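Participant: So you can see what is in the structure, the chains are spelled out below.
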Amino acid sequence: MSRSMGIRAAIVLAAWIVLVTFPQWSAFWESSRFAAGVIRQILIFAIFASSLNLLVGYAGLPSLGHAAFFGGGAYAAAIAAQRLGTDELVVSLGAAIAGAAVLALVIGFLAVRALGIFFLMLTLALAQMVFAIAFQATDLTGGSNGFSNVHRPVLFGLDFNAAGDLYVLVCVAALLVGLLLWRVTTSTYGRALVGVRENERRMRALGYDTRTLKLSAFVLAGAIAGVAGALSSYEFRFVSPNDVALGTSVTGFVMVLIGGAGTLVGPVLGAAVVLLIERVLPSQLPAQTVLGIVFIVFVVFARQGIVGALRRVART
Amino acid sequence: MIEIQGLRRDFGGIHALAGVDLLVAPGERRAVIGPNGAGKTTLFNVLTGELRATAGTMRLGGTDIGRRTTWQRARLGLARMYQRDELFDPLTARENVLLSIASVAGAYRPHRSPPPSDIAAADDILAQVGLADRASVPARDLSHGERRQLELALTLARRPRVLLLDEPTAGMSPAETERIATLIAALDRSLTLLIVEHDMDVVFRLADRITVLHEGRAIAEGTPDEIRGDRQVHDVYLGKAVEA
Chain A
1 MSRSMGIRAA IVLAAWIVLV TFPQWSAFWE SSRFAAGVIR QILIFAIFAS SLNLLVGYAG
61 LPSLGHAAFF GGGAYAAAIA AQRLGTDELV VSLGAAIAGA AVLALVIGFL AVRALGIFFL
121 MLTLALAQMV FAIAFQATDL TGGSNGFSNV HRPVLFGLDF NAAGDLYVLV CVAALLVGLL
181 LWRVTTSTYG RALVGVRENE RRMRALGYDT RTLKLSAFVL AGAIAGVAGA LSSYEFRFVS
241 PNDVALGTSV TGFVMVLIGG AGTLVGPVLG AAVVLLIERV LPSQLPAQTV LGIVFIVFVV
301 FARQGIVGAL RRVART
Chain B
1 MIEIQGLRRD FGGIHALAGV DLLVAPGERR AVIGPNGAGK TTLFNVLTGE LRATAGTMRL
61 GGTDIGRRTT WQRARLGLAR MYQRDELFDP LTARENVLLS IASVAGAYRP HRSPPPSDIA
121 AADDILAQVG LADRASVPAR DLSHGERRQL ELALTLARRP RVLLLDEPTA GMSPAETERI
181 ATLIAALDRS LTLLIVEHDM DVVFRLADRI TVLHEGRAIA EGTPDEIRGD RQVHDVYLGK
241 AVEA
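Taken in order, these protein sequences are the chains called A and B.
FYI, the numbering for the first sequence is 1 to 316, going by this note's numbering.
FYI, the numbering for the second sequence is 1 to 244, going by this note's numbering.
Isolated chain B, as found in the complex (with noise of 0.2 Å):
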């Protein structure tokens, strides 16, 4: 589903992303960790098209997505899920995820609202990720759990192939990192989830392989087990994050 080849990156001098290699099947679930600075946030930026490749290709569904923009990617089927709430503050939940929704068939329909089939399924999605009673909020009244529960409602509306979820669990309370941990394992098997996080317990929990980064390259890749033996991932990071 994800076919990433030679992919870099460079800021001045310094190769934030030095050639990474990346195979994503569909319906995998696969996870990206690293220690701060190992190029995580860059491939997802770079992969959104929000930054360009220096060098590289990168397919979705066997598409080359190396030349096109933000949106077009979207409309391929690629969602991200951002590590800070990019959310629409004074518009309620309900027309955040409306929005998310408009956005497949288009902004330039005519209704006066949105239509009640719309309404419907922006409500079920709500529902799915445990906000049905606070589809009235507004976006800015949430709390920060609810908020990242509503970031991932608007990635989920547009029905996506391939979900980007950057550090899903940042900044949360045990609560509610379990909250959204068991909604992203409930996810539909048929959607291909790239996940960079720090909480291994989640990592471990949630992802079928693993892709270890370090300086911009892949050191490793493998299932969970294989990674948590592998000694090279235990010195770069994994001996770190654990201690920590």
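So here's chain A without its partners, still in its complex pose (with noise of 0.2 Å):
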């Protein structure tokens, strides 16, 4: 490991630390336990970010339909654990992981032979029809209802079902899905999917299967996303549609343009931005409003997104 790397660790080893204990030396603030609340939906929504990140911006397939894989996994979760009759967390987020991947293996296999704006409109075209399949098979998910009073899980006995164990295990959850990621994109594989974002043609030309390489990354951002869509269920204790609905796909492109497409911290950031506009800005404020304002001046004046914007600022 070289030093530089090994500083970046023990940073972010540092700041993870400081992060997990929030709970603990936050405790005399009055707002301490909504603020952790907070930070554990910034962090669900950070993992499912960074997921349609490796799409987005490592592998430049613009999908619109990451919410199926999200919702997907929710569903998968809550369903899995109510027939199985069983909370542990291996079941459940196992569920999780499995169908939001196989469900992104169905979608990806149509999705991945188009291209560009075709690419965006199959991916939105297919993940409505998830919604509509989670709107109308009533038996299975609820519809409109949804799935109320979803159970917290169990690992081995350790219960998570109080907020401040539940928020340990999304802050585990979340420093291992952004290990995977940074291991991923920076590998050799990382670096095909970045070829293929610049220049498929090329990289088919170099010998690379590239609709083989679009579909792998689809379906690990698929399961990604499903760890996310899991951790949300446990969260709230409820899945309804609208965690596969268009709205939750486009919250979560919003928050990778916000942050920096195609860099690892910009969804964290990105989502951070979105659930504290949503979640911390005073009642009377329009949030949809704010955000909506927020997202035009980020694509007029910073493509690049927050993390592009520091780095701007850190060059000059």
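Rather than coming from a laboratory, the hints here were simulated on the basis of the structure.
The model shown is predicted, which means the values in this text are computed figures rather than measured ones.
Every residue gets a Cβ at the ideal spot worked out from N, C-alpha and C, and that includes glycine.
Keep in mind that the hints are not guaranteed to be accurate.
What the hints assert, rightly or not - Just a few of them, taken from the derived set where beta-carbon distance is under 7 Å, the chain A residues facing chain B:
| id | residue |
| --- | --- |
| 1 | G195 |
| 2 | R202 |
| 3 | D209 |
| 4 | P282 |
Put the complex together from the two separate chains, hints included.
Facilitator: Written out as structure tokens, the structure is:
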């Protein structure tokens, strides 16, 4: 490990420890519990946005149907726990990952045949089909009522029912997903995804099966979105068609673009900005309008998102 | 090494390739010349699989490649240097070459970063094409001539058996043309070359044999001396090319 990489790893680890112990060291603050809840939700959506970023930012695949895997994972976790009558984390999280991955394999198999705007429209259309199924398959999904009273998980007798324990679970999951994505994006595989984004035709001429490469990224991103979906079902104890709806896909996309596509930190910052606007802004202010204005400002003035803007400042 | 028989490619009513036969021996350096619209680039596009043939057969080292995809043909040892740069702009010259090297073993290796042997191989190839001191420069910051050199490095990095060179000196200054022609002349003789080029000095210098395409057909084939003396070739192409 090089020295600069060691320093970076130390900074990330220190930041994570500060974050995971937040409920303890902020206990004196009257809003500590509320803030911890917001951080949990930021981390869950950071996982979701990061998985989408693997497609949008690295492989250059602008998916507008990523909520299908988030919501698909949430449904899979809730349904598996209910049908099998267990709260074991391994079961519900495993079902979420497997369910989202299989869904991503099916949708991706069709979508990676299209390019650019057609890819975008195809992912949108296929995700809307998943939404329709979630809405109409009442026996399986609860239809428009959704799944309420989802149980929080246990892991080998360790109960994550209390908000503080769930907080630790979400922090651990976010760290593991972050490490996985760091590994993936800095590997030969990650470079190959960037190659596809920059010049797919050239990649084919170099002997890369780009369609399979894109499909593999699609499935990996789907599986990680499934993790975020499962965590969301534990967090809100509720799964509804809203989780697979277009709005959730768009929210993920906005997080990636505001934070900075193609960077590891960007989607985390993007998730923080969006959720802080939605959850913390005084209720008199129209959150969606503020979010819209923030988004427009970034698209017009800082295409590379927060990370790109910070880099520009650091360079000058 | 390359066996092409009755190759046709139609665009609507236009016969871009109207039944081309071409036989290139292993290690041979063959130039394909002809006026604009003769079908040279279409021939390359059909050979690499970027365009489908309307009819005809293509073999590479004895393997029928007609139904294979572009990436499968690349894996059989076919590489192409594009007429326009087809580089990965944000990546450095070294990273560009590493992508090409990595394609041999496949993308699904769990290395966090490329193994030292790959990096050494990339630097060797960059030195071979004269870019040793530009390895860490992003492709987008290279000059036109350097980008062509990097383009050549990318095609060589996979250690191909057959190299298609599509106007390797297009848009270059005389000094850059000289450099790239020298680089190509110095390539391993075991490599089979198929060169499309408008610069006749370069063609006569590099080619063992020349095929002349005209309106989608091969109208003549021979050594550079035979082609120079061919009356028909002179009428349809060489006369104009030399005068121009």
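Participant: With reference to the structure, classify each hint as holding or not holding.
Facilitator: Structure-based check of all given hints:
1. Of the supplied interface hints, the one on G195 of chain A holds, with its beta-carbon coming within about 5 Å of a beta-carbon of chain B, less than 7 Å.
2. Given the 7 Å rule on beta carbons, the hint for R202 of chain A holds: about 4 Å separates it from the nearest Cβ of chain B.
3. Interface hint status for D209 of chain A: upheld, as the beta-carbon distance to the closest one in chain B is roughly 5 Å, under 7 Å.
4. Interface restraint check for P282 of chain A: the shortest CB-CB distance to chain B comes to about 41 Å, outside 7 Å, so the restraint is violated.
Figure legend: structure checked against the earlier numbered hints; the only hint not met is number 4.
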